[in-house]
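Quick note, the sequences are listed as chains A and B, same order. Here the numbering used here is used: the first residue of the first sequence is 1, the next is one more, and so on. Here the numbering used here is used: the first residue of the second sequence is 1, the next is one more, and so on.
No wet-lab data here; the hints were simulated from the structure. There's no promise every hint is true.
Where chains are identical, the list cannot tell them apart; a pair therefore holds if satisfied intra-copy or between any two copies.
What the hints assert, rightly or not - In silico EDC-like cross-links for lysine to aspartate or glutamate, where the CA-CA straight-line distance does not exceed 20 Å:
1. Lys175 - Glu310
2. Lys162 - Glu178
3. Lys163 - Glu178
4. Lys162 - Glu310
Protein chains: 2
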Amino acid sequence: MTTVQTSVYEPLTEPKAVALAVRLGLFRDGTPLACREIGDGNLNLVFHIVDQETKQGVIIKQALPYAKVVGESWPLTLKRAVIESNALRTFASYVPQYVPKVYYSDESLAITVMEDLSRLQIARKGLIEGKTYPLLSQHIGEFVAKTAFYTSDFGMNQQEKKKLAQSFVNPELCKITEDLVFTDPFFDHETNNFEDELRPDVEALWRDDRLHLEAAKLKRKFLTEADVLLHGDLHTGSIFVSADETKVIDPEFAFYGPIGFDLGQFFANLLLNALSRSELERQPLFDHIDRTWDVFASVFSNLWRTESVETYAATPGLLEDVLRHAFIDAVGFAGCEVIRRTIGLAHVADLDGIEHKDERLVAKRHALRLGRRLIIERRVFTGTEDFRRLFAETEQ
Amino acid sequence: MTTVQTSVYEPLTEPKAVALAVRLGLFRDGTPLACREIGDGNLNLVFHIVDQETKQGVIIKQALPYAKVVGESWPLTLKRAVIESNALRTFASYVPQYVPKVYYSDESLAITVMEDLSRLQIARKGLIEGKTYPLLSQHIGEFVAKTAFYTSDFGMNQQEKKKLAQSFVNPELCKITEDLVFTDPFFDHETNNFEDELRPDVEALWRDDRLHLEAAKLKRKFLTEADVLLHGDLHTGSIFVSADETKVIDPEFAFYGPIGFDLGQFFANLLLNALSRSELERQPLFDHIDRTWDVFASVFSNLWRTESVETYAATPGLLEDVLRHAFIDAVGFAGCEVIRRTIGLAHVADLDGIEHKDERLVAKRHALRLGRRLIIERRVFTGTEDFRRLFAETEQ
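Generate coordinates for the entire structure from the input sequences, incorporating the hints supplied.
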């Protein structure tokens, strides 16, 4: 994983981004190029450079030295660009079909130059529009299974794994998750953000010792279990998709963590979309959850049986134990994500976009009940069909 | 934690060790010094340099670029000297009374210059001689509680903890434990070493799927749970002791691992000593186990209640959950250590020193039964009194 360091950090401008692309030989000399900055300005600059003749493009993503969310701004390490490009390269070594190709990265400029995915749509946006993406869950299940297995103590040399984990130590980005996913929403914290009408429901969560205990155990897993290289932020806004293609982007939160975390985040964001839909339109989301888990478990199990480096891999019951704990953890992590996306700092358009306030409040109260019980009752889950059951049980 | 890098590695000689001590200003100019190499030559050179007038001494420990155990030799990273000196300094910041003072370290020479502890005796040796050391368990309980708490996500800034863990990534030394403690003894592996008469008992372990499954789960904890900074090899040969002093030495296996590991290793080595004693002389060992756990739990709980940095520390039930899992894990880790010290590559003098073969075989068969049930039945343990019960139940 080479990362070049050539210069002193400064934010790129459109002309400088174009000059860089030309210097890297990504376009023929003299080609007419169009460049547009398409980032949201909160975390990164994103330059989309397109050859006007061939319509071929590239993306130059540059980290900004701060993060802005809902008006707040705080400094944020530029090292996340290195984490992101190294994670994309590591993932590409196992599942090149599911990540954008990285052409170049520069540590001091905090940039990653990569494949243009503008032919695809962000999954969250498409799901909100009611699209289904029949292959999304098969692809994500395979993405998680292969990246998890091959970066685990079962799929790679256990000493190399420790060094890889060392290179993905990611304190600042992990802190964002530790605070915003696992802590702040469960306490009366200034980062929380919810409609006044939800206050009684939210205050009930803040007083809920049983919920706190289980959320605390999940947070501790996130803090301590260096199991596999995670994407770290695998929500539907981190996935580009079409009817036949899926690309996972933005792994700047990548680190070694518990195997169930990425699955839990993904499940949660499918549930959040389901919460925004009428009952008759929810089925495809539950089907996606079923299929993600089934594909994950099947691909992971097959790799375990055919490629494991661990002596104990042949021990009866061990694979089942690993899968069982991954599943239970994923259910709990999904509960944390559902709650924080409802009342925490960073919301999702699926819920916030529900136009009528009464409907929005109904969906958000449902989300809080669902999230709470996912966390507390995760060990009772026997399979993904329990997501349907609990979703229905928490509807009123 | 400063570690100086000044020169190219070469093994020290006695004159060079003396010259270094003088150059470091550890002795007055012109003082008559005596120097003796007192290491066993298998892993390290250990120079004991003494001022002939004041009788004050220092130790210069230098890692050798290989390890020798029972005639076998393999290359071993010199970086372990840096791990050792950094671990001693980190421990000293919490419990200076329980570690030797480090005066100097040099990364390229792989040396640590430290306090002379020759006034004390290695605990294993004293225990074999029948000594009791009334304060040993109180001191070790406090050592483990404070080093564990202050290096955990509950006792230190959680982002600093990740960086500290990163600096203690220790693949080569961890591999020794992964192989020799958690794997080889449970399979027909060439590193194993046991009396022919034990073969039927050992082969029964090798065929024991239930044991394999539980040993595999413990190994996975060791591989993945980056909970606290561990000593990593806390057997009674790593502890200098007297009637009123205790010093933990040799933390070259230090790394971030599961909180119960050091406790389990220590418990196991007390049990191994008990296995070498007649029934009437065992009580002090069980008392040591009781007291180690009681002091650990009490000191850790007190720090948790008064100094925790984690929001959830006040959540009812969380401390109890952390302690419960630390205890169960410690019981299982103790079982692995008891088995590997009986039939694996590195034995203990407690058992191997039993002169009469029949008695030795009786003790070793007892050890195998005890170790197996510690691993399999660890979740049934409710307190340290269960060590007495299981010890008695596995006697015949």
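Outcome of the hint check:
no., hint, in the structure
1, Lys175 - Glu310, "between (32 Å within a copy, 12 Å between copies)"
2, Lys162 - Glu178, "between (22 Å within a copy, 13 Å between copies)"
3, Lys163 - Glu178, "between (23 Å within a copy, 16 Å between copies)"
4, Lys162 - Glu310, "within (15 Å within a copy, 26 Å between copies)"
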